[in-house]
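Q: Please build the complete structure, drawing on both the sequences and the hints.
Sequence order for the protein chains is A and B. Sequential numbering from 141 applies to the first sequence in the working numbering. Sequential numbering from 7 applies to the second sequence in the working numbering.
FYI, nobody ran anything at the bench for these hints, they're computed from the structure. It cannot be assumed that every hint is accurate.
List of simulated lysine-lysine pairs, DSSO-like, C-alpha gap at most 27 Å [claimed, not checked]:
| hint | chain 1 | residue 1 | chain 2 | residue 2 |
| --- | --- | --- | --- | --- |
| 1 | B | K113 | A | K232 |
| 2 | A | K286 | A | K158 |
| 3 | B | K139 | A | K342 |
| 4 | A | K327 | B | K152 |
| 5 | A | K153 | B | K113 |
| 6 | B | K125 | A | K147 |
| 7 | A | K342 | B | K152 |
| 8 | A | K145 | A | K182 |
| 9 | B | K152 | A | K302 |
| 10 | A | K302 | B | K113 |
| 11 | B | K136 | A | K153 |
| 12 | B | K125 | A | K259 |
| 13 | A | K327 | B | K139 |
| 14 | B | K125 | A | K153 |
| 15 | A | K223 | B | K125 |
As the structure is a computational prediction, the values presented were derived from the model and not from experiment.
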Amino acid sequence: MPNFKGKSIVSLKDMEKKEIMHLLKKAGEVKSGKLTGVLKGKIVASLFFEPSTRTRLSFESAVLGQGGSVFGFADPGASSAKKGESLSDTIKNVMGYCDAIVMRHYIEGAARRASEVSKVPVINGGDGANQHPTQTFLDLFTMVEKKGSLDGKVIGMMGDLKYGRTIHSLSMALTHFNVKLHFIAPKELSIPEHYYDYLRSKKIEFVESDLESCGKELDFLYCTRIQKERFYDPMEYEKVAGTYKIDRSSLEYLKPDTYIMHPLPRVDEISEEVDSDPRAIYFEQAHNGVPVRSALLGLVMGTI
Amino acid sequence: MEDNRQYKVFKIENGTVIDHIRSPRGLAVFRLLSKNNNSLISIGLNFDSKSVGKKDLIKFEGKAISKKETDKIALIAPEATINIIKNYQVIEKRQIDVPEEIRGILKCLNPNCITNIEKVENRFTVVEKKPVKVMCHYCERTAEVKPDMIDKE
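A: This is the structure:
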């Protein structure tokens, strides 16, 4: 059985398949109520150097719901980072006050650096455009919950595949499974070439597609937001964003059992009229953040 | 017309010959090694080569290059050969070896990488050897090694 005690969770590249499967199993036990109170007496620091709603609140809910305590900041302006303190020094201080650190940072590699100087486990809640492993765990948990397993499944990833760290983490994690990937994105926002290299090295089948042609093949359509600020020309944004939008009419391209996922927040890439469709599972997906993060914290602190 | 010049680049008595540098990387290798180097240096560019197509060649009179310098050459010219010369004879054929992990020699070109913001030693994993492609240990960006990634120190 994989032993997570003391392990920092920084990137999907550090995670073996058996560790991911073990985490998903334990998350299922938390969700079903088989595991309770797993963080009793534990203190978690929540250091958010970049704004977050779901990640921060679901981590905090996870800690409180399992009997632990949580402290920290949601705004770096409230920390000594504002006074010029280095990340390493912040972590060396905070590790003395807690049993685990959850952090998000706008700098890529910040979580890796923190894990190297910390004596308590560090969980990466997102580092710039790099990784967001806990989002990936809850994505995988939701997929397995809905379809039983990932092997043989076809997953479409749509929207901003270039800057979307959830896409980067998820595509790396999916290399552990026998899946086929469809990348649906404007060419300006296609997934960085080194992810293609990584997928090729893991012998994962992938194609660049459009929703009309691949929709009937998909088990999951994973949408992400196209951010306006990525475009120099607002007209170009309007043109592109409209093409990668899901509304009631685009549901026709999908199978009756193609689930629609999104890491949220959404702006207008999924129309609200889609929310009531049984295939729309993005809020359920977000709620799964709580059992998954509870299980992960319990595992790294050795209480599960 | 037949090229019957005796030497295109003169022989050296003592020093180092770096050969089979894939063109046009010769000047980049020269820049790497020329800091604080007052030795006589001959450079030949664009020779025909069976192994690399066009090659560059550098000869340093009176300079034996260090292990760290060899490692740097390996990153931008992995096919190069290094011969140490004494009394006009090759006394050592040094193997160019691209390591699995590189610490300190390269810098990450991602401006938003922690290594460019805080004082952190650079670390890279080599993901491909010819040409050398590396992944930053911190920001996880992968890039082919270019001369401007090599730390000038």
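Q: Evaluate each hint against the coordinates.
A: Hint by hint, here is what the structure shows:
1. B:K113 with A:K232: Given that 27 Å is the threshold and the Cα spacing comes to 25 Å, the pair holds.
2. A:K286 with A:K158: This hinted pair holds, its Cα atoms lying about 20 Å apart.
3. B:K139 with A:K342: holds, 17 Å
4. A:K327 with B:K152: holds, 26 Å
5. A:K153 with B:K113: holds, 21 Å
6. B:K125 with A:K147: holds, 24 Å
7. A:K342 with B:K152: holds, 26 Å
8. A:K145 with A:K182: Holds: K145 of chain A and K182 of chain A sit about 14 Å apart, inside 27 Å.
9. B:K152 with A:K302: holds, 23 Å
10. A:K302 with B:K113: Roughly 23 Å between the alpha carbons, so the hint for K302 of chain A and K113 of chain B holds.
11. B:K136 with A:K153: holds, 23 Å
12. B:K125 with A:K259: With a Cα-Cα distance of about 19 Å, the restraint between K125 of chain B and K259 of chain A holds, given a limit of 27 Å.
13. A:K327 with B:K139: holds, 24 Å
14. B:K125 with A:K153: holds, 24 Å
15. A:K223 with B:K125: With Cα atoms ~17 Å apart, K223 of chain A and K125 of chain B stay inside 27 Å; holds.
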